[in-house]
Every structure is written in C-alpha cells, then in structure tokens.
Amino acid sequence: MNWGSIGEFFAMGGYGWYVWGSYAVTIVLIAAELVLVAARHRNTLRLTKNGSQANRR
Amino acid sequence: MNWFRYSSPQTFYPLAGKMVPWFLAAAAVLAVYGLYVGFFVAPTDFQQGESYRIIFIHVPAAWMSMFIYVVMAFWAGIGLAFNTRLSSMMATALAPTGALMTFIALWTGSLWGRPTWGTWWVWDARLTSELILLFLYFGFMSLQAAIDEPRRADKAGAVLALVGVVNVPIIYFSVQWWNTLHQGASVSLTKSPTMAATMLTGMLVMALAFWMYSIAASLIRVRAIILERERNSDWVKTL
Amino acid sequence: MNPGLLSTTCAVASRDVLLALRNKSDVANTLLFFVIVASLFPLSVGPEPALLRTMGPGVLWVAALLASMLGLGRLLAADYADGTLEQIALAPQPLGALITAKIAAHWLTSGLPLVLIAPLLGLQYDLAGEALSILLVSLLLGTPVLSLLGAIGAALTLGLRAANVLVPLLVLPLTVPVLIFGAGAVDAAAAGLSAAPHLSLLAALLALAVFFAPWAAAAAVRIALE
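Protein chains in written order, with this note's numbering: chain W, 848 to 904; chain L, 572 to 810; chain C, 2 to 227.
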C-alpha cells in the first residue's frame with residue numbers, strides 16, 4: 848500500500864492539484880460525452896417517433 | 572456467420588444497441604482495476620514523485636487519439652471505396668470521441684509538464700504532434716458540418732481523413748526533427764526511465780479501458796446518426 | 002479529334018495564366034498581404050535587430066503560408082461557379098493532370114511572386130546574404146507544395162458558404178512539415194550551417210505532393226460535382 852492516510856492520497860506528494868486536476872477533468876469530460884451522446888440519441892428517437900405518428904394522423 | 576448482414580444501418584442499429592452495455596461494463600471494470608494498480612500497487616517514481624501518476628490517463632488517451640484517427644480514416648475510406656453508408660456514419664461517429672481523447676492527452680500533458688518542467692506547455696515532439704492531430708480532427712468535423720448533403724459530406728470527409736492519415740507520420744517525423752534541433756537536452760514526456768512492471772501494467776489496463784469506452788461512446792453516437800440519416804425509412808418509423 | 006495530353010494541359014495552364022494576368026489586382030493582393038503581414042511583426046515585437054534576425058525566417062515562412070491560403074480562392078471556385086470545372090472533369094484527359102496544370106498556373110501567378118519578393122523582406126529582418134538565398138530556394142521548393150496541398154482543400158470546399166475560412170483550417174495542419182523544413186533551412190543558413198538536409202527533405206515533400214495531391218484533389222472535385 849502506498850498511502851499512509853487519506854490525506855496523503857489526496858496530497859499526492861505535493862502534486863495533488865496536478866494529478867487530481869487531470870483525473871477530474873477527464874472524468875467530467877467523459878461523463879459529459881456520454882450524457883450528450885445519449886441525449887442526442889434519445890432526442891432523435893423522440894423526433895422520429897413524433898414524425899411518424901404525425902403522418903399517421 | 573455472414574458478417575455482411577450487419578453492414579446495413581437497419582441491421583446494425585439493434586446490434587450496436589446490444590453491444591453498448593457490454594463495452595461500457597468492460598470499460599468500467601478495466602478502469603477500476605487499472606486505477607487500483609496505478610494508485611495502490613505501482614510505487615512512487617524516483618524522479619517525478621507522485622506527479623507521474625497522470626501517465627495512467629495521458630498515455631492511454633494519446634494512444635486512443637491516434638488509434639481512433641486511423642480507424643476513422645479506415646471506415647471513411649471503406650465508405651468512399653464501396654459506397655457504403657454505414658461505414659461513413661461510423662467514421663463520423665468516431666471523430667468527436669477521438670478529438671476528446673486528443674484534448675485529454677493535451678490537458679493531462681500540460682498538467683504533467685508544469686510540475687516537471689515548470690511551464691504549462693512544453694513543445695515536446697509528442698505533445699506538439701497531438702496538437703496538430705486535434706486540428707486534423709477539428710478540420711474533419713468542420714468540413715462535414717459545412718456540407719449539407721450527407722453523402723457529399725461523407726465522401727469529402729473521407730478524402731480529408733485519408734490525406735490526413737498519410738500525412739500524420741510525415742508530420743510526426745518533421746516535428747521530431749524540429750524538436751531535436753531546438754532543444755539541446757531532449758526533455759521528453761515519454762522518455763521516463765525504465766518503467767516498473769506495475770506502472771506498465773496500470774498503463775496498459777487503462778489503455779484497454781479507454782478503448783472499450785471509445786467503442787461504447789462511438790456506438791451510441793452511430794445509433795443517433797443512423798436515426799438522423801434514416802429517419803424517413805420504414806424501419807425507423809416502426810421503432 | 003482527341004487532343005493530346007500535353008497540349009490540353011498547356012491549354013488549361015495558359016488559360017489560367019491569361020486570366021490571372023487580366024485580373025492583376027487579384028494576384029497583387031496576395032503579394033501585398035505577404036508584405037503587410039511581414040511588416041506587422043516588427044511592429045509588434047520591437048525593432049531590435051537581433052530579435053528580428055532570429056524571428057525572420059519563421060515569420061516570413063508563416064506569412065508565405067498565410068498568403069498562399071488566401072490565394073487559393075482563385076484556384077477552383079470561379080471555374081466551379083460558371084461550369085467550366087465540370088467541362089474540365091468531362092474531358093477525356095485525366096482530371097489529375099488538368100488540375101496539376103491549374104495548380105502550376107496558379108503557382109506561377111501567386112507563389113512565384115512571393116518567392117521573388119521574399120529576399121527583399123528578408124532584408125527588413127537583417128538576414129545575411131547566405132540566409133537570403135536559402136530563403137529564396139526554400140520558398141521556391143515549398144510554395145508549390147503549399148499550392149498542391151491547398152488545391153485539395155479548395156477542391157473539398159467547392160461551393161460551400163464558409164469555404165474561405167475552412168480551407169486554412171483544413172490545409173494548415175498538413176503544411177506543418179513544409180514550414181518546419183523551410184524555416185529550418187533558413188535558420189541553418191543564418192547560423193552558418195548547411196541547409197542541404199532541410200532542402201532535400203523539402204524536395205522530397207515536393208515530389209510526394211506532386212504525385213499524390215492532384216489525385217486527391219481530382220477525387221475531391223468529382224465528389225463536389227456529383
């Protein structure tokens with residue numbers, strides 16, 4: 848085990864901002880991509896459904 | 572099994588839908604394991620201290636950024652050569668994920684360079700090439716966005732991607748040349764001393780995790796693109 | 002009657018040169034842009050000769066790059082708009098050869114003037130004689146590559162609204178090797194070293210571009226004409 852305490856883990860030997868800045872931005876961007884792309888799919892699905900229903904009326 | 576059965580948007584759409592959860596799960600499991608190895612098994616680096624742990628994102632993202640560009644150019648080329656719509660849709664779907672990987676590589680590279688060499692940006696050969704790769708991705712996406720007619724956008728993008736993929740080795744070589752000319756003592760982000768086996772394991776597992784994630788994200792996006800492009804066909808209307 | 006390849010390419014090239022000579026202002030604008038951009042840098046960084054001598058090769062090369070990008074609007078857009086390009090594409094001669102002819106004519110009227118005026122601008126940056134002649138040679142080898150790569154960008158964006166801004170975005174990343182070897186050659190000469198390696202790499206890039214770029218541009222033109 849590398850870390851004596853949770854404090855040490857977050858401090859990352861003084862490089863905390865750099866390490867966690869990297870990981871945080873990465874996680875945020877990946878989450879954002881997933882959310883956006885899933886929303887795009889959902890919206891398109893909704894629009895195609897509405898379109899075809901409108902034609903049937 | 573006839574794989575070509577899945578080369579039409581109509582048959583690929585449900586297949587992709589089934590594959591997405593598996594790839595997301597694989598990505599999650601690999602990421603958890605990779606980060607565990609990276610943070611709790613791999614030791615502290617002698618020269619760089621804990622800052623080197625950024626490598627577990629930086630290198631996988633950089634690898635994926637280059638790999639996705641090649642795959643994107645491949646599918647675009649198939650779409651151009653064989654006039655297949657789905658191949659071109661896949662290329663279009665891959666681009667944003669590839670660009671994201673490139674950006675992550677640049678961002679983490681910058682944050683790694685700051686404590687190591689004191690500046691927020693290092694004109695290292697690899698980082699500079701990554702920056703140009705980001706421009707190539709943006710060019711591809713901008714070109715496709717600027718063309719209204721979908722098949723023209725597919726084919727034009729394919730020509731651009733193929734020209735790009737041929738150029739990337741040339742660009743990389745020229746940037747390496749430039750870098751060695753202008754920096755006497757070569758400081759390279761990737762020239763860290765021989766990596767401990769655990770560090771390498773962590774990096775490789777994370778690379779696999781990023782790969783699985785990229786596939787999942789691109790599959791979701793290609794499903795959206797299929798619906799957008801095929802919205803007037805019968806099978807979409809019955810969804 | 003099927004005119005030969007050589008006579009057709011000469012006809013296409015001479016037509017373009019003639020059109021350029023009749024619209025001298027178009028040609029002059031590219032040159033003027035080059036001169037103005039080269040003059041802006043000292044205004045922004047100060048007149049210190051040592052600094053300008055260091056920056057000179059890079060600045061002149063980037064200015065040449067940007068001026069080439071600007072000039073690409075002349076290459077294919079007008080012919081596309083009035084249907085001439087379609088006729089050219091329908092010709093029995095290979096489209097790649099005819100596009101090469103157009104690129105050659107375009108370079109003669111846009112690129113070559115840049116090459117010839119560059120040493121004068123180099124004097125503004127206090128570059129020495131050896132560096133000036135290498136500047137000329139490097140631009141002589143490099144500007145055709147810029148035209149060839151630019152033609153691909155111009156062909157891909159035919160008829161698009163935002164073509165003017167899009168072409169540089171598409172083409173400039175591809176021109177990075179030309180910039181590195183071109184500016185590097187002049188830097189080497191200014192430092193008293195041999196520019197031969199840089200120039201030979203530039204020549205290699207030119208050979209590659211001459212082989213592959215017309216082919217890619219022809220494919221892009223056909224895509225635009227569909």
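There's no promise every hint is true.
List of simulated lysine-lysine pairs, DSSO-like, C-alpha gap at most 27 Å [what the hints assert, rightly or not]: (1) L:Lys589 / W:Lys896; (2) L:Lys589 / L:Lys808; (3) W:Lys896 / L:Lys808.
Computed from the model, here is a short list of chain W residues facing chain L with C-beta under 10 Å [as the list claims (entries may be wrong)]: (4) Phe856; (5) Gly861; (6) Trp864; (7) Leu876; (8) Ala879.
These aren't lab readings, by the way, just hints derived from the structure by calculation.
Since this is a predicted model, take the numbers as computed values, not measurements.
Glycine included, each C-beta is placed from N, C-alpha and C at the ideal position.
Hint check:
1. L:Lys589 / W:Lys896: holds (21 Å)
2. L:Lys589 / L:Lys808: holds (20 Å)
3. W:Lys896 / L:Lys808: Roughly 6 Å separates the two Cα atoms, so the pair holds.
4. Phe856: holds (8 Å)
5. Gly861: Holds: closest Cβ of chain L sits about 7 Å from glycine 861 of chain W, inside 10 Å.
6. Trp864: holds (8 Å)
7. Leu876: holds (6 Å)
8. Ala879: Where the cut-off is 10 Å and the nearest Cβ of chain L is about 9 Å from alanine 879 of chain W, the hint holds.
In this structure, none of the earlier numbered hints is contradicted; all agree with it.
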